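Okay, here's what each chain looks like letter by letter:
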Amino acid sequence: MSWDVLSISLLATALGLGLGWVARRFRVDADPVVEQINQILPQTQCGQCGFPGCRPYAEAIAAGTAEINQCPPGGTAGIQALADLLGKEVLELNPENGQEQPKAVAVIDEAICIGCTLCIQACPVDAILGAAKQMHTVIESECTGCDLCLPPCPVDCIEMVVRPPAMSDWMPTMPNRRPTSVLTNSLPTASAGAP
Amino acid sequence: MRLPAREQAELAGQRLHHFHGGLKLRHHKKISCQKPIQRSKLPPRLYVPLLQHLGAQAEALVVQGQTILKGQAIARYKLPYPGFVHAPTSGTVTAVARHAISHPSGQEGMAVIIKPDGRDEWCELHPIQNWQEAAPALLRQRISECGIVGLGGAVFPTAAKVEDALSQDIHTLILNGAECEPYISCDEMLMREQAPRVVEGALVLQRATGARQVIIAIEDQMGEVWDKLHAAISSSGQDDIRLVKVTTIYPEGGEKQLIQVLTGLEVPEGKRPSHLGLLCQNVATAAASAAAVIEGKPLIERIVTVTGNGVNQPANLLALLGTPISNLIEQCGGYSNNAARLLLGGPMMGYALESDANPVIKAANCILVLSHSDIATEHEELPCIRCGECARVCPSLLLPQQLQWDIRNGLIDDAAGHGLAACIECGCCDFVCPSHIPLTQWFRFGKAEWRTLIEEKKISEIAKQRFEARELRLANIKQDRVQRLEAKKQSLQDNQNKQQKIAAAMQRVKKKSDQQANTENADDQGESS
Chain A
10 MSWDVLSISL LATALGLGLG WVARRFRVDA DPVVEQINQI LPQTQCGQCG
60 FPGCRPYAEA IAAGTAEINQ CPPGGTAGIQ ALADLLGKEV LELNPENGQE
110 QPKAVAVIDE AICIGCTLCI QACPVDAILG AAKQMHTVIE SECTGCDLCL
160 PPCPVDCIEM VVRPPAMSDW MPTMPNRRPT SVLTNSLPTA SAGAP
Chain B
-6 MRLPAREQAE LAGQRLHHFH GGLKLRHHKK ISCQKPIQRS KLPPRLYVPL
44 LQHLGAQAEA LVVQGQTILK GQAIARYKLP YPGFVHAPTS GTVTAVARHA
94 ISHPSGQEGM AVIIKPDGRD EWCELHPIQN WQEAAPALLR QRISECGIVG
144 LGGAVFPTAA KVEDALSQDI HTLILNGAEC EPYISCDEML MREQAPRVVE
194 GALVLQRATG ARQVIIAIED QMGEVWDKLH AAISSSGQDD IRLVKVTTIY
244 PEGGEKQLIQ VLTGLEVPEG KRPSHLGLLC QNVATAAASA AAVIEGKPLI
294 ERIVTVTGNG VNQPANLLAL LGTPISNLIE QCGGYSNNAA RLLLGGPMMG
344 YALESDANPV IKAANCILVL SHSDIATEHE ELPCIRCGEC ARVCPSLLLP
394 QQLQWDIRNG LIDDAAGHGL AACIECGCCD FVCPSHIPLT QWFRFGKAEW
444 RTLIEEKKIS EIAKQRFEAR ELRLANIKQD RVQRLEAKKQ SLQDNQNKQQ
494 KIAAAMQRVK KKSDQQANTE NADDQGESS
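Just so you know, the sequences run in chain order A and B. Plus 9 on top of the position in the first sequence (first one is 1) and you've got the working numbering. Take the second sequence: its position 246, counting from 1, is numbered 239 in the working numbering, and each next residue is one higher.
Simulated from the structure, these hints should not be mistaken for laboratory data. In this text, all values refer to a predicted model and were calculated from it rather than measured experimentally. Note that beta-carbon positions come from the ideal geometry of N, C-alpha and C, so glycine has one too. Where hints are given, some of them may not hold.
Said to hold, decoys possible - Listed below are several chain B residues computed to face chain A (Cβ distance under 7 Å; list not exhaustive):
1) F77
2) S98
3) R459
4) R463
What the hints assert, rightly or not - Taking lysine-lysine and the DSSO-like style, the derived pairs with C-alpha atoms no more than 27 Å apart in a straight line are:
5) B:K494 / A:K112
6) B:K450 / A:K97
7) B:K450 / B:K471
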């Protein structure tokens, strides 16, 4: 009788210690869902969602305090991907947060710029180069097109420009979509609730 | 027993193998092989496109009105594939302007427009004397400077391909003379008429890559090419060049397919042939490399097959880059009465051109004019019936039906997971599809979408890193400020404490001196009393 109790308690202790060690050794620091959501978000860091950057928004979605339809740069595709990840329903983009727009880059009119550094401080990805009383310029390849540099500019010398596609950006077009099934045309529309 | 992959690859060509699928197509090659290669007539204007291959458009190095010499660099490519475009003849630049540039999109692009002066005067050339002993790096540099690109159709810069392959030890150089697409015969004619040049090219590229053996692969239906090359190899006195005949099955001329036939090995997905210690180059590329190294001549002309039932006298022409296609057609007796469609490239992989004002580019191996009877009646696309014919003929062992299903439904990730990137766009699946689904077109579209997705991922990853770096920097600055404030407060506090201490000490001193004064007074009083 005592042997049974002893062996079982020994086993339980050993397993408990093992589990405890594993839990410490392989502890996941951050919430992996936040990381996954953050991967889907476009990293524009524009703040249109109402959060100061993509990661805070990802954290809010994970915590359930924000909807998945607040990211205009991500657009419909982004909402679809978030819905797939989180098993939620696909929503329309919330018009309060803005509209889906083609990606633009900020261009500083260097003749007008007075070198006040306000836009440099506003840029969330450090894509503006310059110093006090020196002309500023945007590093085009790093600009996410977030519009955040526009409001602080005292002389309105920044403009958002949609870059025209170069020849080398040309992509083959989608073949003409024809009905995938000729049968569907002749079938009566399935009524709601039909099996 | 199976040998390790690299060792098996070294036995390339000793036994022939098979690749999956493929099609036996009618060749239609004889019609353009009746006459020897002729030089194309000098047109009144040459239109040399700045966009000749992968990467961004080249930057023009000449301006309007400038006099240029034949072989002079007129445009430069930037990274990642540095290279040049050269003047095909001497003359004057009349403009650098928009013109038709033989692009699959049909869009216009920038071109250098040259008015030839008819003197055909070369600029100073820099041949490498004694190239057999020159440093391989020098040969590669010359190949890059001379703007040599893969002339089989993919126009990937040759020097870049060689440099990339050199990250591995290259034991075998394969010269691809298996020109499997119907109608195209420019490589066959080149090997027939300039066999010694092809062999020289093999030796130049062998020296540039350090390969220990060279295999020249040709097709079994190429007739006299075998004898010509054989003679050229024996007279070169090299015994490490081997000639191999492969059976003609489309798309055997594809790099990965040819390697599979020669070695029995598949190049793993996402890897290059250099993974197996192999490097594959087209025979025309080799000949152009030889001209670049031995004579210093840049790539300014190429052999173009002008053929099809829509042309009166099909032939192979040696055409300067920038020659309008209409000039070549004219030299071949003009269009026949039933000409219907103009293609750049072969019937399987080529693309339609809207007009014959488009110029010859480095990629133009064939100008094909199809007649009305060649073009199958436009069939209505029907639903996929999952017959599996496409999977049976796919040389990359893909499931085209599944891929088109994924792409059609916007599931580009799934398509990529099903190996979309391995599609070589050979068009075999299109050819056999009983429902006339434009499969290859779907795959081209899907690949472009996939590339865009990857590109966007990369850009957003950079933005994320920069954002995080900025957050960290701001946090550090904030912490610094707090610490400094703290330190200041502390030092102020310390100062106050010190002053208090001094004050206390002063007080003590004062107290003591007062006490002393009192006692002295008392003593005085005591003495006086």
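Against the structure, the hints come out as follows:
Hint status for B:F77 relative to chain A: violated, with the closest Cβ pair at about 17 Å, above 7 Å. A cut of 7 Å between beta carbons decides the hint on B:S98: the least distance to chain A is about 5 Å, and the hint holds. Interface hint status for B:R459: upheld, as the beta-carbon distance to the closest one in chain A is roughly 4 Å, under 7 Å. Given the 7 Å rule on beta carbons, the hint for B:R463 holds: about 5 Å separates it from the nearest Cβ of chain A.
Distance check on the hinted pair: B:K494 and A:K112 sit about 67 Å apart at the alpha-carbon level, beyond 27 Å; violated. Our distance criterion of 27 Å between C-alpha atoms is met by B:K450 and A:K97, whose separation comes to about 23 Å. Proposed proximity of B:K450 and B:K471 is contradicted: the alpha carbons are some 31 Å apart, above 27 Å.
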